[in-house]
Each structure stands twice: as C-alpha cells, then as structure tokens.
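**Q** Listed below are the residues making up each chain.
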Amino acid sequence: MGHGHHIEIKQETFSMPAKAKNFTLIVMVIGLVLSGIGIATIDHNTNGFVAVSAHHDAHTAEAKHEGDHAAGSAKHEAHEGHVASSAEAAHEEHGNVETEAFGPRVTYTSQDKPWATRIWANLLVAGYFFTMVSLCGLFWYAIQYAANAGWSSSIKRVPEAIYTFIPVPFVVLLIAVFMGKNDLYHWAHYEHLHLGPNDAGYDKILAGKAGFLNTPMLFILPSVLVAIWLFLGSKLRALSLAEDSAPKGDTTNFRKSIRLSATFLVIFGFTISIVAWLFIMSVDAHWYSTIFGIYNFATSWVSAISVIAVTVLYLKSQGYLGLVNKEHQHDLGKFMFAFTVFWAYIWLFQYLLIWYAHIPEEMMYYQPRFENHKTMFLANFFINFAMPFLFLLMRSAKRNSNILAVIGVMLVIGHYFDVWFMVFPGVFGNGITIGLLEVGMFLTFAGLFAFWILNNLQKRGLVAINHPYLEESVYHDTGV
Amino acid sequence: MAILDKNLSLRNRNKILVGVWEDEDALVDAAHALVDKGIHIHDIYTPYPVHGLDRIIGVKRSKLARVAFLCGLTGLILMVTMIWYMYVIDWPINIGNKPVRFTPSWIPVMFEGTVLCTAYGMGFFFFWRNRMLFAVKNDLLDDRQTDDRLVVAIETVEGMNEAEVVELMKSKGAVETKEFQAVCK
Chain A
1 MGHGHHIEIK QETFSMPAKA KNFTLIVMVI GLVLSGIGIA TIDHNTNGFV AVSAHHDAHT
61 AEAKHEGDHA AGSAKHEAHE GHVASSAEAA HEEHGNVETE AFGPRVTYTS QDKPWATRIW
121 ANLLVAGYFF TMVSLCGLFW YAIQYAANAG WSSSIKRVPE AIYTFIPVPF VVLLIAVFMG
181 KNDLYHWAHY EHLHLGPNDA GYDKILAGKA GFLNTPMLFI LPSVLVAIWL FLGSKLRALS
241 LAEDSAPKGD TTNFRKSIRL SATFLVIFGF TISIVAWLFI MSVDAHWYST IFGIYNFATS
301 WVSAISVIAV TVLYLKSQGY LGLVNKEHQH DLGKFMFAFT VFWAYIWLFQ YLLIWYAHIP
361 EEMMYYQPRF ENHKTMFLAN FFINFAMPFL FLLMRSAKRN SNILAVIGVM LVIGHYFDVW
421 FMVFPGVFGN GITIGLLEVG MFLTFAGLFA FWILNNLQKR GLVAINHPYL EESVYHDTGV
Chain B
1 MAILDKNLSL RNRNKILVGV WEDEDALVDA AHALVDKGIH IHDIYTPYPV HGLDRIIGVK
61 RSKLARVAFL CGLTGLILMV TMIWYMYVID WPINIGNKPV RFTPSWIPVM FEGTVLCTAY
121 GMGFFFFWRN RMLFAVKNDL LDDRQTDDRL VVAIETVEGM NEAEVVELMK SKGAVETKEF
181 QAVCK
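First to last, the sequence lines map onto chains A and B. Counting from 1, one number per residue, gives the positions in the first sequence under our numbering. Counting from 1, one number per residue, gives the positions in the second sequence under our numbering.
If you are wondering where the hints come from, they were derived from the structure by calculation, not from laboratory data. Check each hint, because a few of them may be wrong.
Okay, the calculated bits of chain B under chain A, using three or more residues with CB under 8 Å as the criterion [stated by the list, open to error]:
1. 60-70
2. 118-128
3. 154-160
Result set (PhoX-like, lysine-lysine): computed pairs, CA atoms no more than 25 Å apart in a straight line [to be verified]:
4. K316/A - K326/A
5. K170/B - K63/B
6. K235/A - K209/A
7. K170/B - K15/B
8. K374/A - K98/B
9. K209/A - K181/A
10. K63/B - K326/A
11. K170/B - K37/B
12. K19/A - K316/A
13. K10/A - K316/A
14. K60/B - K334/A
15. K21/A - K334/A
16. K15/B - K326/A
17. K459/A - K235/A
18. K63/B - K334/A
Not close to chain B: a few residues of chain A, all C-beta gaps over 10 Å, as computed [to be verified]:
19. G38
20. H44
21. K235
22. I465
23. G479
Note that the Cβ used here is the ideal one computed from N, Cα and C, for glycine as well.
Let the hints inform the model, and build the full structure from the sequences given.
**A** Have a look at this one:
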C-alpha cells in the first residue's frame with residue numbers, strides 16, 4: 001500500500017484458456033439448439049404468441065374499402081384493414097379494447113410467415129441490447145479520460161475490448177429490422193398505405209411523425225451513427241496502442257485521447273437517444289416518452305458496467321491483472337450500485353410522469369405491460385433494482401468476488417429482459433411468454449459476446465503500460 | 001514540558017510524544033517501524049492525504065455509514081408520516097381522481113426526504129464527532145501540520161520506554177520531537 005512498498009509493473013499477455021473457449025462455445029451451441037427448438041415449435045397460425053390469419057392483399061385498396069364500413073369505429077381498424085377477426089376476438093376477450101386510446105391493439109401481418117415475427121422481434125432485442133452494451137463499453141472508456149480518472153487505468157483494456165463487438169449485433173439488428181419491419185413497427189406498415197388526410201384510416205400522429213419515422217431513416221441514420229461511434233472508437237483504440245510503444249513519459253497520446261473522448265461523449269449523449277427512439281420506442285409508434293432515451297441508456301450502461309466487472313473478476317481469477325486488487329473491485333461494485341439506483345430512478349419516473357398526467361394515450365405503453373403482464377413488470381423491478389440494491393449496499397458483498405460476479409451476471413440477464421419487455425408487449429400485445437426461443441437467443445449472443453471479449457483481449461497486452469496514471473491505479477485505495 | 005490543553009480524544013489523558021516529519025515516504029516507514037515495535041500510534045496529522053496510513057496505524061472503519069442509514073430511515077419515516085397525516089387524515093383532496101391512500105406520488109417525497117435527512121444527518125454527526133460542530137478549534141500539535149509537516153502523536157502508556165520511542169522516531173527521519181502533558185479538563 002505505502003509508497004515504501006513498490007509493486008512491480010509488468011506487461012501481461014492474456015491467452016484464452018481452453019476451458020473458457022469451450023464454455024463460451026457450449027453456451028452458444030446450447031443457445032442455438034434452444035433457439036432452433038423454439039423456432040420449430042412456434043404455432044404457424046400465430047405471430048409467435050397470438051393467433052392471426054395471414055392476409056397479404058393490396059393494402060391500400062383494402063384499407064380504403066374497409067374504411068368505408070368502419071366509419072364509426074376506431075380509425076385504426078381501418079388502416080389495419082386486413083386484421084384477422086380472430087385476433088380482434090382474442091383481444092376483446094382480454095377486455096383491453098376500450099383502454100387503447102387509438103383503437104384496439106390489433107395484430108396483423110403483412111407477410112407469408114406471420115409466426116416469424118417472434119424470431120425478428122427476438123433478434124431485434126438481442127441485436128439492440130448487445131449493440132448498446134458494447135457502445136457503453138466505449139462510453140466507460142471515454143468518461144475515464146474525460147474525468148481524468150486514474151484508478152481505472154489498470155482495467156482499461158477490458159472496455160476497450162468490449163466496444164469492438166458493436167458491428168456484430170448491429171448487423172443482426174439491421175437484418176431483424178429489414179426482415180420483420182412491417183410486423184414489428186405499425187408505422188412501417190402504415191407507411192405502405194400512403195394515406196392522405198381525407199382518406200379513411202388517416203392517422204394524424206403517424207403522419208406527423210413520418211418525417212422521422214420512415215424506412216430510409218430507420219436504416220440510414222443508425223448506420224451513420226454506428227459508423228461515427230466506430231470511427232471514434234477505433235481512433236481511441238489506435239491511440240491506446242500507440243501509447244504502449246511510445247517512450248515512457250510521453251503524454252501526447254493521452255492528451256489526444258482526452259480530447260477525442262470529450263468529442264465522443266457529446267456525440268454519444270445526443271445519438272444514443274435517437275437509436276432508442278428509432279428501434280425501440282417506435283414499436284409503440286403512437287406513444288412517446290421524453291425520458292425514453294435516457295432509460296435505454298441506463299439499462300445498457302448498468303449492463304456494460306456489469307460486463308466490465310465480471311470480465312475483470314474472471315481475468316483476476318485466472319491470475320491476470322496483477323495490478324488490480326480489492327480496491328478496484330470495490331469501486332466497480334460502487335459503480336454497479338450507483339447506476340442500479342439510477343436505472344430504478346429513471347424506470348420509476350417514466351411511469352410517474354405518465355401516472356400523474358393521466359392522459360389516456362400515454363397509458364398505452366403501460367396498459368399491456370402493467371395490467372396484463374404484472375408479474376413480468378414487477379419481476380423486472382426486483383431483478384434490476386431490489387435484489388442488487390440490497391446486496392450491493394453491503395461493503396462485504398462488493399469486495400467478495402463471487403457475490404459481485406453473480407450480481408453482475410444477474411444484472412446483464414435482468415437488463416436484457418428489460419429491453420425484451422420494452423419490445424414484446426408492444427409488438428404482440430397480450431399473451432407473451434418467455435419460451436425456449438427467448439432463452440436460446442440470449443445464450444447465443446451472451447456466449448458470442450463473452451468469446452469475442454476474451455478473444456479480443458488476447459490481441460494486445462493486458463496492461464496499459466505507459467498510461468500516465470497507471471501508478472495511481474496501482475496504489476489506488478478506497479480507505480478502511 | 002508543555003501542557004496540552006487541547007482535546008484530542010486521548011484514551012488515558014497521559015503524556016503524549018510528538019514526532020514531526022517532512023517527507024511522507026519516511027513517515028510511512030516510521031509508522032511501520034513504530035507499529036512493528038508494538039507501539040500504539042494515537043493519530044497522525046497530515047496536511048494532505050497519505051495513502052495507506054490508516055491501515056498501518058489500524059484506524060477502525062468509520063461508523064458514519066451506519067449513522068447515514070439511521071438518518072435515512074428517520075427521514076423516510078418522517079416523510080411517510082407527514083404525507084399520511086396531511087393527505088389522508090387531515091385534508092384529503094381529489095386530485096385527478098387518484099385514490100386517497102399510498103400512491104406512486106408519495107415516492108418522490110419519500111425519496112427526497114430520505115436523501116435530505118441522510119445528507120444533513122451525516123454532516124451534523126461528522127462535525128459533532130470531530131468536535132467541529134460550531135467552530136474549528138485550534139487543535140494543532142505543531143503549527144506547520146496544516147502546511148508542510150506531518151505530525152505523529154503517540155500517547156504514552158505504563159511500561160513504555162519513552163526514550164526508546166523518541167530515539168526510534170529520530171532514527172526514522174523525524175526532524176523534531178516534543179512532549180506534551182495532557183490535562184483533564
């Protein structure tokens with residue numbers, strides 16, 4: 001601890017143990033098998049959960065035609081004119097017709113294989129969640145530089161490895177959205193109807209949002225944003241690599257990293273909300289929440305901290321990261337604790353604002369979630385707040401590697417579920433369950449993510465040997 | 001020998017031996033040496049934090065966290081009682097047809113009350129425990145301990161070889177040593 005006791009700083013090279021390689025591959029294979037069984041067992045007369053019968057006639061003609069008959073009824077029924085009557089019946093049975101401000105939550109399909117909607121929705125969740133978690137790895141990296149933080153410089157290779165995963169889930173996300181767009185987003189479906197203000201079934205809200213919520217925007221804007229993030233990320237990574245080979249005491253790369261990190265943070269702050277609006281909030285296109293972007297940030301940020309903590313603990317258990325001790329672990333635990341509370345704060349206040357205002361059209365987000373899936377709604381709160389809050393409150397839990405690792409894994413699972421729960425009730429309405437497909441999809445991506453991180457860590461030394469604050473990190477002490 | 005009229009929370013109010021250092025590395029080594037000899041160091045006063053000293057001289061974990069918890073609990077109970085009395089018992093108002101009982105709108109008040117009482121409570125008890133509640137008293141053993149000197153205070157106990165302790169401090173880099181006689185006030 002004291003200055004009299006010098007700790008030798010030396011470079012470490014990580015090589016992925018065969019056990020880790022096998023484990024991550026087995027998790028992936030199990031995930032794929034479960035997903036396969038899940039896909040094979042979807043009832044083909046449903047969209048994954050709820051019964052539909054597929055119509056794929058010319059939308060416009062049908063919508064206009066049926067619109068004449070549906071003059072007095074909810075206008076949405078008209079523009080979603082090919083709604084299966086069985087689906088409507090199912091909804092009326094659940095008695096949520098009149099609670100939908102914009103007509104019943106209708107289940108429709110625009111493709112030959114309606115049951116595939118569940119696959120695309122799952123891929124959307126997995127792709128989005130892991131894109132965001134990887135991105136928040138870069139966010140961690142940037143705030144350490146922007147805040148001039150010294151303590152974390154001994155673990156900075158871990159977030160550096162995490163962010164490189166972004167392209168993989170993002171491609172999956174784009175594929176899912178490309179394939180299932182019309183069934184996932186009713187605005188995308190509405191777009192094809194090309195309705196004018198005088199047509200039956202014209203939707204003022206969706207028409208008003210069409211400038212932002214349209215197909216080219218859905219693909220081009222996120223791709224541009226991801227390209228910007230990746231560009232800044234690769235720049236930061238290159239500076240970090242250059243620092244390793246630069247002479248000791250040369251702080252040029254460090255100073256450049258600070259400037260670049262600050263740039264990234266400004267861009268990140270504006271852009272992460274846009275991605276959340278486009279991919280997730282637009283599932284309930286009539287609804288909007290001004291806090292939604294930061295709610296999504298909270299979810300992915302807690303997960304990213306947990307992933308960093310678990311990875312550090314794993315490396316530590318394998319005898320790597322000799323410079324990292326209980327003090328760093330304690331601070332990672334504090335980070336997890338702080339942002340668990342932050343998530344709960346945002347989670348509650350999104351609800352609270354809507355609850356206060358009591359505006360029916362704002363209720364449509366919570367109606368299928370709180371009224372019809374109360375167990376899941378409350379489980380979300382317990383996994384992501386109550387449980388980790390009570391454990392992480394204890395100093396001993398934060399300093400115990402096993403407890404911290406278990407909580408970290410729980411938080412990642414919990415927040416994946418959180419994103420899943422943002423999407424599924426919006427797409428499918430009532431009757432959603434967590435089946436083999438959901439579990440399998442998570443395991444596949446989690447295994448791939450773990451493999452990717454560990455594999456990437458092999459590519460360079462584990463210690464940022466020339467980081468100007470490395471020594472500060474070595475003697476980091478949170479006190480008695 | 002100077003008379004110590006300062007309240008340093010001494011255990012036995014015995015004589016105290018004071019050593020003054022200029023260099024923190026030497027101080028850390030000296031603290032190690034003193035503790036290794038079985039000498040109990042009462043406290044070390046430094047103008048800037050020296051990492052690891054608290055562990056070396058065996059400072060106990062602060063009870064401030066428990067105080068904070070109790071303050072927070074007090075705030076929570078206070079707020080629940082307050083809203084319950086105002087909103088349910090004394091003056092129920094129909095706001096947007098919301099029920100007159102516990103509702104989510106209580107949560108922000110409960111939360112803020114908890115945070116407020118925790119923050120103020122911790123501040124109060126911290127200053128109270130450090131005898132700084134109303135003003136900072138002059139507790140300096142050496143005038144330069146707030147400037148560039150590091151001061152070690154050792155309370156003598158029965159059977160302590162004082163000369164040996166002073167000699168050890170000097171050999172470990174103390175630039176100055178002195179003695180104070182504590183008085184009971």
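**Q** Against the earlier hints, flag every one the structure doesn't satisfy and list their numbers going up.
**A** 2, 3, 5, 6, 15, 16 and 23
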